[in-house]
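J.: The residues making up each chain are set out below.
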Amino acid sequence: MSEQPTTTATPPAPPAGPDLLVAAEVRKEFGGLVAVNDLTFTIPGRAIVSLIGPNGAGKTTFFNTLTGLYKVTDGEITFDGEDVTNKPPHAITERGVGRTFQNIRLFNQMTALENVLVGMHARLSGGILGSVFGLPRVRREEREARERARELLTYAGLGRVDDELAESLSYGDQRRLEVARALATEPKLLLLDEPTAGMNPQETVTFMEFVSKLREERPVSILLIEHDMKVVMGISDRVTVLDYGEKIAEGTPQEIQKDERVIEAYLGKGATQ
Amino acid sequence: MARRRDRARGAYRSYRSQAANRSGVNTLRGEWRKLPGPVRTFTPIVILLTIAILYPFYLSSLPTGNVPLIYSFPSVRSMVTILVFTTMAVGLNVVVGYCGLLDLGYVAFYAIGAYTAGWLASGQFQQVNFHFGSVGISRDARGIHISIWLVLIIAALLTAYGGVLIGLPTLRLRGDYLAIVTLGFGEIIPQFVRNADSLHGFDLTHGTFGISPIDSPGFGNRLHTAVGLPSAYSQEFTADRLFFWTALALLLVTIFCCIRLRDSRLGRAWIAIREDETAAGAMGIPLMRTKTWAYAIGAFFGGAAGAFIASFNAGAFPSQFSFNISVFLLCMVILGGMGSIWGVVVAGVILSWLNVEGLANIGTWLNNNIFPQSHQIEVAKYQFGIYGIIIVLMMMFRPQGLIPEARRKREIEEGTRGALDEPLYEMRGANEPGAGERGSGGPIPRG
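If you read the sequences in order, they're chains X and B. Heads up: the first sequence is residues 1 to 273, going by our numbering. Heads up: the second sequence is residues 1001 to 1447, going by our numbering.
Calculated directly from the structure, the hints in this document are not laboratory data. Built from N, CA and C at the ideal position, the CB exists for glycine as well. No false leads were slipped in.
Each pair of labels, with its calculated beta carbon distance range:
| hint | chain 1 | residue 1 | chain 2 | residue 2 | range |
| --- | --- | --- | --- | --- | --- |
| 1 | B | Val1164 | X | Val34 | 39 to 45 Å |
| 2 | X | Glu82 | B | Thr1278 | 20 to 26 Å |
| 3 | X | Gly159 | B | Leu1223 | 55 to 61 Å |
| 4 | B | Ile1259 | X | Glu82 | 37 to 43 Å |
| 5 | B | Ile1045 | X | Ser125 | 28 to 34 Å |
| 6 | B | Thr1027 | X | Glu209 | 51 to 57 Å |
| 7 | X | Thr40 | B | Leu1157 | 49 to 55 Å |
| 8 | B | Gln1191 | X | Thr40 | 52 to 58 Å |
| 9 | B | His1200 | X | Asp38 | 54 to 60 Å |
| 10 | X | Tyr171 | B | Thr1027 | 41 to 47 Å |
| 11 | X | Thr252 | B | Ile1180 | 54 to 60 Å |
| 12 | B | Thr1278 | X | Thr252 | 33 to 39 Å |
| 13 | X | Gly159 | B | Ile1045 | 32 to 38 Å |
| 14 | X | Glu209 | B | Ile1045 | 48 to 54 Å |
Just need the whole structure built from these sequences, with the hints factored in.
T.: Below you can see the structure in the form of C-alpha cells.
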C-alpha cells in the first residue's frame, strides 16, 4: 500500500516470530454490563500498537485486565509465552509489563527519584536483614539503583527534579515521571493509558516524539490507549478500534482512517453518507 | 540519607547567606554549617544520648517538689515504662506511619510478647525444669527459665509470627475494615489470656492472676566476677538504673532498625503502598507480602518491648492489655507525625510521661500554686478528656504532627539538588503563604 504523507517516519518492520502478548477472547462483565466482549488482541514485539475508541468503549477496562487489576470473566492472556490470566498485578509487572494510569497515580509524598526507585522494586533484591545491617551488597545495589534512577529521569526529560516531591511537579512532568517510573520496572511491554490527556497540542507532540524515541532506543513494545484518533495515527504500527467492548476495526492507521464503522462510531450514523 | 540532607543544607545555606544579615547568631550558624556532614549529624545525637544515659546520676541533683508546672522530674522507674512505651510506639509507626495500615489492636502484640516472657522465664510450667542461661534463681527452681536476653529475641520473633498469622487473613481488607478487624484481635488476645487457665485442664496463662514472678535480666556470675557486669538485675541495689539503660538500648536498637528499614527497598514499598496501593501493585510490589512484613516488623518490636516490660514488672497480667493501650500508642504516632521516627519518639516520651506520672504531678503543682485551697482539682481524673483535647487541638493546628516526616518537611525547606537552582526558591517563596499573591485567595492546602 502507498505511504501517506502524514506519516512522519517509517516504523521499523516488527520482527517476525511469536507475539509478545496474546489476549484470546477476553471477556469482562461488571454485573450485567459487558465491558469487554470476547476481545482477541495481539501485540507483536517492538511495535507500537494503539487501542482507540470513544469514551466508555472499554479500553481502560481491557487494559486493567491485561495488568491484572481486574480479573477476566472469561478468556486467556498470554504474555511472552506464559499464561498470565488473573495473575496479581505485581506478578505481571515482574514478567515485564509496565504501565501508566489514565489519572496520574504517582506516590505524591515521595520524591521523583523515590518514585522511580519504587518502580525498580521487582528488579532489586535487598532484604530486611541486609538493609538493617547495611551489608555491602545491599548498599552497592542501592547506590547503583539510584544511579540508574537518575539516568531514567534524565532520559524522560526530568533533569533536575530528583528531590522534588512528585506532587509538586508540573502536570507534564508528572506524566513524564509516570513513564520514567514504568520504565524502571524494565518492561518488555509498556502500556500507556491516555498519556496525553490534559496536555496542550504542543506538549502532546513532544510527548509522542518521546514515545517513538522510546521504541527506537529500547527493546520495548508499546500499547497506547487514546480516545483522540489524531494522536496515535502518526506513530502506530497498528490501530485497533473498540466500541461498546467490541473490536470494530483493526489495521494500519491509514486503513482505520477510512473505515466506515470507525467513522460511524466516532461521528455517528450519517457521517459516512 | 545524610548526604542528601547535606546537599539540601548546602543549597539552603547559600539561600540564607544572601538574605540574612550577619548577626552573632547567624555567624555561629554559618560556622556550624561549615562543619563536615557527619559531625553535624552526630553531634546532636551524641549530646542527647549523653543527657539520657546520665539521667539516673543527675536526677538526684535536679530540683524536686515544686518545679514549675511539672512539679518534679520523672523517677528512673517511671522512665523505664516511658521508654518501653515509646519503643512500642516506634514499632507501631512502621505499621501505621509507613505502611498506612490503621491498626487498633497493637496491644495484642504487647500481650503476646509479655506472655512469651511469662512462659519462658518463670515458674509457670511446674511440670518441667528447664534452665538455659537463667540468672538470679535457684538451679532447682521448677518451670522454664531461659535467659531474658534470649527470651527478648524469641518473644519478638514469636510475636512477629503472630503478626503474620493475624495479618494474612486481615490485610486483604482496606482502611476502616482493617481497623475494625485489628480492633477485634486486640480484644480477643487479652480475653483468651484471661480464660486460658484451663485448656482441657492445662493452665497456660494462669487466668486473671497472670504469670508472676518473671525472671529478671542479668549477665550471670561469670561475667559479674570477670567484668563487673550485674549478675541479675533484681539482686542489684540499682536495679531501676539497669532497667533504664537496657530500655534505652532497646529503644535505640528499635529506632536504628526502623531508620534503616525506612530507607531500604522495603521501606519505600511501604510508603508507596501508603500513598497509592493500586499504583504500588502495578509497579511490581507484592501487596500482601509487603503489608504482612510491615505487620511482622511492627509486631516484632511490640513483642520485644512487651517481654522486656514483663521482666521489669516481674509479671504479666491480663488487666495490663486494655484497648486503651492501643489507642494510646496510636495517639503517640499521630501526635508525633505519622511516619516520623523522631516525632513519634518525642510524642511517645511526652504522652507516656503524662500517663505514668506527669498528669498527677501537674495537678499537684496546679493545686499548690494556682488553684485556691477550696477548689482543688484532681487533674489525673480528667486524663482521657485531656488527651482528647490534645488530639483535637493537634488536628486543628498541626495535623502533620510535632515533628513531621522529613519528606513532608522537605516540601517547605528544600529545593532541588545543587545550589544553582536559586529561581526555584523564589518560586517556592511565592507559593508560601504570605510571601506573594497576598489577598488572592490565600494558600492552597496541600495533599
